[in-house]
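My request is simple: use the sequences and hints to build the entire structure.
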Amino acid sequence: MARAAGRGGSGGLLRGLRKLLSTLLILAIIGPPIWVVLYRFVPPPITILMVERMIQGRGLDHRWVPIERISPAMTRAVVASEDSRFCAHHGFDVKAIDAALRHNEARPGRIRGGSTISQQTAKNVFLWPQRSWVRKGAEAWFTVLIEAIWGKRRIMEVYLNTVEMGPGIYGVEAASRHYFQVSAADISSAQADRLAAILPSPLKWKAGRPGPYVVRRTGRIEARADTVARGGLADCVLVEEKLPVTPGLFPKAAVPGKHGP
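For what it's worth, the numbering used here labels the leading residue of the sequence shown as 30, then goes sequentially.
Mimicking DSSO-like on lysine-lysine, the simulated pairs with C-alpha atoms at most 30 angstroms apart in a straight line are: (1) K124 with K233; (2) K165 with K124; (3) K181 with K124; (4) K165 with K181; (5) K235 with K165; (6) K235 with K181; (7) K165 with K233; (8) K165 with K48.
Computed Cβ-Cβ distance ranges for the label pairs, DEER-style: (9) G240 with Q85: 20 to 30 angstroms; (10) V71 with R206: 18 to 28 angstroms; (11) G237 with K48: 52 to 62 angstroms; (12) R259 with P229: 16 to 26 angstroms.
Everything labelled a hint here was simulated from the structure, so no lab data went into it.
Heads up, the beta-carbon is just placed ideally off N, CA and C, and yes, glycines get one too.
Structure (structure tokens):
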């Protein structure tokens, strides 16, 4: 009798473990898509990084604004700084990853990342900041999901509202008001370029009182942002803000930007 009870107890434990693992597997499969769909419509209220920084005593200044209330100069600046092929790739930039690997092999003391804005957004919003293969795998899965469910404009909107821009400062609205005393809608191109310049190391570099390196980096981003504007490299985000000209609305000689025959 005792042996039978023991065998039954072991069998019950194994069945319980199998049930638990099955439940966790189901949650791992269906949980991320549901989470991503929710954040397609609801602003992410807080991230793991924000909580971690608050525990470190850095505070929290996070002010969500829709992308319509963020200067287009900011979108062009981060595309120029972080991901020039943002509108062309589907979440992963193979060329940038390959370039980063070759750079890191040649200069192991100065590691360069190859993450796209989509990957950074997936990490910032859904995951933890520490590097690991588990996190990189989860980041890849969330990147695929947000590219498929959100689209480029929503990805940029979430990125600009959650990216770390200083100690306890998250998003363009909080950063614009902290460093320049203006709203995100009113920042100038120069100010946007300076905010983009500190993104790789926002706890070290200062946008308000930039050092020589940040000043030089800002100048490079300014030149690249002009290329982004001329080449339409941010149009997947900004095209909705342009006023289309309805065909046939104007005579040929009167279409804006055109001259008579």
